[in-house]
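Trainee: One line per chain: the protein sequences are Y and X, in this order.
Sequential numbering of the first sequence, starting at 1, is according to this note's numbering.
Sequential numbering of the second sequence, starting at 671, is according to this note's numbering.
Calculated directly from the structure, the hints in this document are not laboratory data.
Just to be clear, a hint being listed does not mean it is correct.
Claimed, not checked - Below, simulated DSS-like cross-link-like pairs (lysine-lysine); rule was C-alpha separation at most 27 Å, straight line:
#: 1; chain 1: X; residue 1: K788; chain 2: Y; residue 2: K116
#: 2; chain 1: X; residue 1: K791; chain 2: Y; residue 2: K116
#: 3; chain 1: Y; residue 1: K271; chain 2: X; residue 2: K755
#: 4; chain 1: X; residue 1: K711; chain 2: Y; residue 2: K116
#: 5; chain 1: X; residue 1: K739; chain 2: Y; residue 2: K271
#: 6; chain 1: Y; residue 1: K340; chain 2: X; residue 2: K739
#: 7; chain 1: X; residue 1: K798; chain 2: Y; residue 2: K115
#: 8; chain 1: Y; residue 1: K583; chain 2: Y; residue 2: K615
#: 9; chain 1: Y; residue 1: K531; chain 2: Y; residue 2: K615
#: 10; chain 1: Y; residue 1: K116; chain 2: X; residue 2: K757
#: 11; chain 1: Y; residue 1: K648; chain 2: X; residue 2: K711
#: 12; chain 1: Y; residue 1: K473; chain 2: X; residue 2: K693
#: 13; chain 1: X; residue 1: K693; chain 2: X; residue 2: K791
#: 14; chain 1: Y; residue 1: K271; chain 2: X; residue 2: K757
Unchecked claim - Far from chain Y by the CB rule (all over 10 Å, computed), these chain X residues:
#: 15; residue: Q743
#: 16; residue: L746
#: 17; residue: K755
#: 18; residue: K757
#: 19; residue: Q758
#: 20; residue: P780
#: 21; residue: K799
Here the structure is a predicted model, which means the values were calculated and not measured.
Even glycine gets a Cβ: it sits at the ideal position worked out from N, Cα and C.
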Amino acid sequence: MENLGSLAVLLAFCLAVYAVIGSVVGRLRRNPFLIVSAERAVYSVWLLITVAAGVLVHALLTSDFRFAYVAQTSNRAMSQSYKFAAWWGGQEGSLLFWSWLLSCYAAVAVWTNRKKVRDAMPYTVAILMTTQTFFLILNAFVVSPFQMLAEDGSIVAVTDGMGLNPLLQYPLMRIHPPILYLGYVGMVVPFAFAIGALITRQPGDRWIHVTRRWSLITWLFQGMGVLLGAAWAYAALGWGGYWAWDPVENASLLPWLSSTAFLHSVMMQEKKGMMKVWNAVLVSASFFLCIFGTLLTRSGIVSSVHAFAQSPIGNYFVAFLAVGVAATTYLILDRLDFLKSESQLESVVSRESSFLFNNLILLASCFAVLWGTLFPVISEYITGEKISLDAPWYNRLMIPIGLFLLFLTGVGPLFAWRRTSLESLRRNFLIPGIAGLLLTAAFFAAGMRNFYALISFGFCLFVALTVVGEFYKGSRAISQKNQMSFARAVVELTHRNTRRYGGYLVHMGIVLMFVGFTGAAFNQDKTAEVKIGDAFQLGHYTLKVREITDGDNENYTWQHAKIDVFKNGEQLDTLEPERQYYKASKQPIGRVDIRRRINEDLYVNFASMGSDESKAVIQAYIFPLVNWIWFGAKVVLFGTLICLIPSKVKLQYARTEVVGIAKKNVPVEA
Amino acid sequence: MLIVLASLLTIGILVFILSVRAKDLPQEPPVSPFAHLDERKASIYENLRDLQFEYRVGKMSDEDYQPAKQDLQKELAQVLAGIDKLKQELGAGVKSVAPAAKRAAKPICPHCGAQFEKVMKFCGECGKKMEAAR
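Build the full structure now, drawing on both the sequences and the hints.
Mentor: So, in structure tokens, the structure goes:
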């Protein structure tokens with residue numbers, strides 16, 4: 001069975017190389033047979049990697065401990081769903097997962113566009129399959145998941161495996177990595193089409209139209225992947241937070257930042273024929289940052305709390321990145337004449353400039369995060385000492401940048417295209433601006449003194465009101481003109497331009513998330529060493545330990561605490577944090593319990609047993625407004641899905657288009 | 671068993687990749703030489719519609735609306751002129767080279783004999799499939 005897996009990967013590698021050479025030679029020699037043959041190789045690569053992945057998953061599900069990978073990442077006591085999740089739980093498997101997702105994307109992209117952009121398609125196939133070849137090199141020759149355990153030249157099996165890292169044995173972990181990977185890998189498709197268009201100097205923005213949905217869906221997966229990661233860190237890591245500016249977290253954020261910039265500036269290219277160089281740079285940067293993210297997560301070049309797998313694959317990634325970035329830079333520089341802007345920026349106070357600012361700020365934040373993430377490597381190279389930049393460094397830099405971005409989110413849609421007069425500014429800014437200021441003043445009067453929190457709440461209200469205003473004004477105009485109810489007019493308005501109004505909903509989701517982020521300014525925490533019957537105070541809560549029990553199952557031993565929560569003498573709830581010790585991997589881990597409310601979360605972690613065995617160390621936190629983040633994420637998801645629905649006007653346009661004229665009218669047969 | 675399976679898989683794939691026949695070549699629908707200008711035109715129309723809507727809902731002052739509208743109209747005129755120019759250039763070339771070939775390329779419904787200007791999947795006359803007419 002293992003030989004079938006290895007053979008499939010090896011054959012897939014050969015076919016991927018064939019697809020690259022075949023498509024480029026086919027294009028240069030204008031040989032359509034060779035081009036189609038190369039495209040068929042893309043589908044075959046998918047089939048072969050699916051077979052290889054099937055072999056690995058089968059080995060995981062049947063606990064075939066002859067496989068070194070299965071022995072490292074799985075054990076008998078794990079449930080089937082975690083055994084399946086072990087596919088991406090370790091180095092070799094996760095790189096095979098990358099390859100498999102890439103082959104799926106490539107096959108779908110080539111199939112759905114097989115009759116479009118024929119001129120540039122061979123180059124698109126070449127880019128897709130070059131990336132595929134790189135990952136297959138890793139799968140086949142560097143970190144093969146099909147290595148077997150052997151003793152004295154014959155294959156042997158261990159009785160039980162080491163098990164999946166306990167931190168990964170958490171429900172969210174079954175979906176967080178695949179979702180994030182779908183975002184990471186998906187970026188290759190817009191990139192491949194962009195490069196194809198650049199090489200062949202396609203006129204117009206066809207590559208943007210072809211990849212519009214890909215970019216949006218990829219962006220959505222990236223964003224949701226990051227947030228699911230944050231939700232997992234919050235609930236599973238027990239450190240009492242959802243974001244710690246850890247290198248691996250940063251790695252997932254970087255491509256999201258650049259693809260957010262791309263999604264915005266692409267609109268400028270479609271509407272005004274501007275920012276073409278930006279778009280070429282941003283789509284390339286997003287792709288390479290995805291590869292860079294994989295490098296950070298998988299190579300262990302920077303230490304991280306969740307760089308789960310470490311091995312010397314870093315050099316391969318660095319080589320791929322260096323060649324890729326150099327080739328792309330050369331191509332963009334060589335095609336600068338083709339990327340010339342069709343319009344000029346006329347005024348600083350215009351929609352165009354707000355898009356430009358938005359891009360600059362997103363890129364600046366991307367660069368800041370990248371710098372911070374790579375600083376340990378750079379400092380080690382220059383001074384010989386590894387200096388890590390901690391969370392306060394990032395917060396000092398990223399909070400003002402984030403707030404400015406939030407401000408631009410509100411301001412952008414209020415500016416007119418080309419230039420905005422004072423009169424227009426007054427009309428649009430008056431109500432949201434004053435409301436934002438009033439809220440800030442009210443919070444200040446109520447005793448809030450945190451500068452950034454005051455600004456943030458003010459901006460949040462400002463942006464929320466601009467979004468509501470957009471919906472209100474548009475819907476009112478439609479309801480008056482067409483005599484329909486206001487609610488129907490809102491739906492009609494959104495349906496007429498789903499991209500714009502879906503985008504506004506996404507902005508609203510971001511506002512809600514910022515409210516949640518701002519809550520972090522008021523976090524409280526306390527660590528107490530307590531025995532049964534003891535109570536301690538955190539904010540307005542009194543926490544009393546009722547009982548501590550222990551026990552074990554096949555997979556782990558556990559200690560379970562029951563903590564009663566009181567407020568003003570009245571019992572509100574009982575929280576039950578647990579401490580688990582995984583037998584196979586010999587790792588302890590805390591399972592937190594959280595009382596989630598719209599205004600704040602009470603978060604309790606059973607950290608360890610105290611110096612005195614009868615006492616437990618309990619960490620308790622109050623996280624104000626943190627639930628707004630998860631709610632905001634759902635609004636972002638909803639808004640993005642709205643963006644993906646075709647606009648009504650365009651549908652009508654397409655349906656009424658005249659495609660041919662018949663000689664005479666005939667009745668339509670039923 | 672596994673060896674047989676692996677061999678079959680390999681042979682099957684190689685046959686699939688290497689046996690491309692003429693009828694397997696994808697026929698890209700003809701791309702109009704004006705496509706990029708048409709795209710630009712559609713985008714200017716969309717911009718005009720947006721502008722008008724923003725003005726109607728009271729987001730823009732008259733002072734902003736009028737010049738923006740005029741600019742867009744000017745841009746549209748340029749694009750339309752560009753299309754006309756390209757049409758003239760192409761028209762001169764195409765007419766002299768192959769007027770007969772162009773006529774012959776007109777698709778005819780194999781079922782009722784109706785003739786059309788463009789390639790269509792279904793006949794506008796009898797409604798039957800027109801794939802064979804290509």
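Trainee: Now look at each hint and say whether the structure bears it out.
Mentor: Hint-by-hint comparison with the structure:
Among the hinted pairs, K788 (chain X) with K116 (chain Y) is consistent with the structure: their alpha-carbon atoms are about 18 Å apart, no more than 27 Å. For the hint pairing K791 (chain X) with K116 (chain Y), the CA-to-CA distance comes to about 17 Å; that is within 27 Å, so the pair holds. For the suggested pair K271 (chain Y) and K755 (chain X), the alpha carbons sit about 23 Å apart, so the restraint of at most 27 Å is met. Under the criterion of a C-alpha separation no larger than 27 Å, the hint pairing K711 (chain X) with K116 (chain Y) is consistent with the structure, at around 21 Å.
Note on K739 (chain X) and K271 (chain Y): the hinted pairing holds, with a Cα-Cα distance of about 14 Å set against a maximum of 27 Å. For the proposed pair K340 (chain Y) and K739 (chain X), the alpha carbon gap of about 24 Å is at most 27 Å, so the pair holds. Note on K798 (chain X) and K115 (chain Y): the hinted pairing holds, with a Cα-Cα distance of about 23 Å set against a maximum of 27 Å. Between K583 (chain Y) and K615 (chain Y), the direct Cα distance comes to roughly 23 Å. Compliance with the 27 Å bound is thereby established for this hinted pair.
For the hint linking K531 (chain Y) to K615 (chain Y), the alpha-carbon distance of about 4 Å falls within 27 Å, and the restraint holds. In summary, the hint linking K116 (chain Y) to K757 (chain X) is supported, as the alpha carbons are separated by about 24 Å, within the 27 Å threshold. A distance of roughly 19 Å separates the Cα atoms of K648 (chain Y) and K711 (chain X); the hinted pair therefore holds under the 27 Å criterion. Taking the CA atoms of K473 (chain Y) and K693 (chain X), the gap is about 55 Å. The hint is violated against a cut of 27 Å.
Between K693 (chain X) and K791 (chain X) the alpha-carbon distance is near 17 Å, which keeps this suggested pair within the 27 Å criterion. Taking the CA atoms of K271 (chain Y) and K757 (chain X), the gap is near 24 Å; set against the 27 Å cutoff, the hint holds. The claim that Q743 (chain X) lies off the interface holds: its Cβ sits roughly 13 Å from the closest Cβ of chain Y, which is beyond the 10 Å cut-off. For L746 (chain X), the condition that its CB be more than 10 Å from all CB atoms of chain Y holds, with the nearest at approximately 13 Å.
Against chain Y, the non-interface label of K755 (chain X) holds: every CB pair exceeds 10 Å, the least being about 15 Å. The Cβ of K757 (chain X) lies farther than 10 Å from every Cβ of chain Y, with a closest approach of about 16 Å, so its non-interface assignment holds. With a closest Cβ-Cβ approach of about 18 Å to chain Y, Q758 (chain X) is found to remain outside the 10 Å limit, as its non-interface label requires. With a least CB separation of 15 Å from chain Y, P780 (chain X) remains clear of the 10 Å interface cut-off, as annotated.
With a cut of 10 Å on Cβ distances, K799 (chain X) stays outside the contact zone with chain Y, its closest approach being about 14 Å.
Figure legend: structure checked against the earlier numbered hints; the only hint not met is number 12.
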